[in-house]
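S.K.: Protein chains in written order, with this note's numbering: chain H, 7 to 127; chain Z, 242 to 428.
No lab work stands behind these hints, which were simulated from the structure alone. C-beta atoms are modelled at their ideal positions from N, C-alpha and C, and glycine is treated no differently. One thing to keep in mind: the hints can contain errors.
Label pairs and their in silico Cβ distance ranges [unchecked claim]:
no.: 1; chain 1: H; residue 1: 33; chain 2: Z; residue 2: 256; range: 53 to 63 Å
no.: 2; chain 1: Z; residue 1: 401; chain 2: H; residue 2: 68; range: 42 to 52 Å
no.: 3; chain 1: H; residue 1: 61; chain 2: Z; residue 2: 334; range: 38 to 48 Å
no.: 4; chain 1: H; residue 1: 33; chain 2: Z; residue 2: 308; range: 22 to 32 Å
In silico DSS-like cross-links for lysine-lysine, where the CA-CA straight-line distance does not exceed 30 Å [said to hold, decoys possible]:
no.: 5; chain 1: Z; residue 1: 325; chain 2: Z; residue 2: 408
no.: 6; chain 1: Z; residue 1: 325; chain 2: Z; residue 2: 416
no.: 7; chain 1: H; residue 1: 13; chain 2: Z; residue 2: 408
no.: 8; chain 1: Z; residue 1: 408; chain 2: Z; residue 2: 323
no.: 9; chain 1: Z; residue 1: 416; chain 2: H; residue 2: 13
no.: 10; chain 1: Z; residue 1: 300; chain 2: Z; residue 2: 416
Covered stretches of chain Z, going by a simulated chain H footprint (3 or more residues, C-beta under 8 Å) [to be verified]:
no.: 11; region: 256 to 263
no.: 12; region: 267 to 275
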Amino acid sequence: MNDETLKQQIVEALQQDCETLPAHLRSRLNQARQQALEAATADARHHRWLRYGLPAGLATACTLVLALWLGQPDVPTSATPTASTALQAEDLQLLAEPTDLELIEDLEFYAWLEQVDDGTS
Amino acid sequence: MESARDDSDSQARMRLDRFLAGAEARAFRMARLATRNDEEALDIVQDAMLGFARRYASKPEEEWPPLFHTVLNSRILDWHRKQKVRRRWRVFFQRDDDEADPLEQAPDLHETGPAGELEQDQCQQVVQQALAALPPRQRQAFLLRNWEGYSVAETARIMGCGEGSVKTHLSRALKALREQLQELNHE
C-alpha cells in the first residue's frame, strides 16, 4: 500500500466516524456551539458600546459641562469686596483671634450693647 | 438604524453558526483521539469554540478555519500538559502501586456497533487506535495536513512551529501509522 492510499484510507475512516457520531454527542456539541454564539453576540454588543457608545457618552457629558459653565450668570469681579463678604471676613477674623475669646463668651452682652447703640443713634 | 444593525448581527451569527456546525464533529474527533474520552473531548471542543467565537468572530470569514484550528490545537496541547503534570504527581504518590493509567484502561465508548456495520466499525477502530497511539504533535500534524487539508505552511502556523518540523512530524506519523495498522490488522 503506498502512502497516498494509506492516507486516503485513514481519512475515509475518520470521515465515516464523524458522520456516524451518536445523537447525544451531536446534541452536546450543538449546545456548546449555541453557548459560543451567545458569547460572540454579547461580546460584539459590548465592543460596539465601547467603540461608539462610550465616546458618544463622553462627548455628551463634555458638552453639558461646557454649556453649564458658559451659561452661568456673570459674577462681578470688582476689586472691593461687597458688604456681605466684608462682614463674613470680619466675623472670621474675630473668631480666629485667640485674644477675643472673652468676646465670644459674652456674646449676649455684646448683642444687647449693639441693640442699645442702634436705639440711641 | 437599529434594525439594520440587528440584521447584520443575525447574519453574522448565522455565518458563525454554519462554520462551527461544519467543524464541530471533526474537532470532536480530533480531541477525542487525543483524550480517548468523550467528556474531556467535549470540554476541549466547547472551550475552543468559545475562545474562537470571542476572539476571532469579527475576523474575515476566510480566516476562520486556521484560527479555529489554532485555538483547538492549543487547547489539546494544554490538555496534554495538564495530563503530564497529573501523571507525574500520580507517580510520585503511588510509586509502589502498579495501578495502570485509568485513561489507558478506559473502555472505548465507540467499541461496539450494529452487527451489520461490524467490518466498517472495525476499520474505524483500527484507524482510531493507530492514530491515538501517535505522539500528540505527530497526530496533530497528520490530522491538520491530511484530514483538514491545510498546506504544510498553514499546518506549521497553526501548530506554532517551523515547516521543517511539520514535515518531520508527518513523515514519522505516516511511518508509525503504517506499522501500527499492519500490526493491528495482523492481530
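S.K.: Failing hints, ascending?
M.R.: Violated hints (numbers, rising): 1, 3 and 10; every other hint is consistent with the structure.
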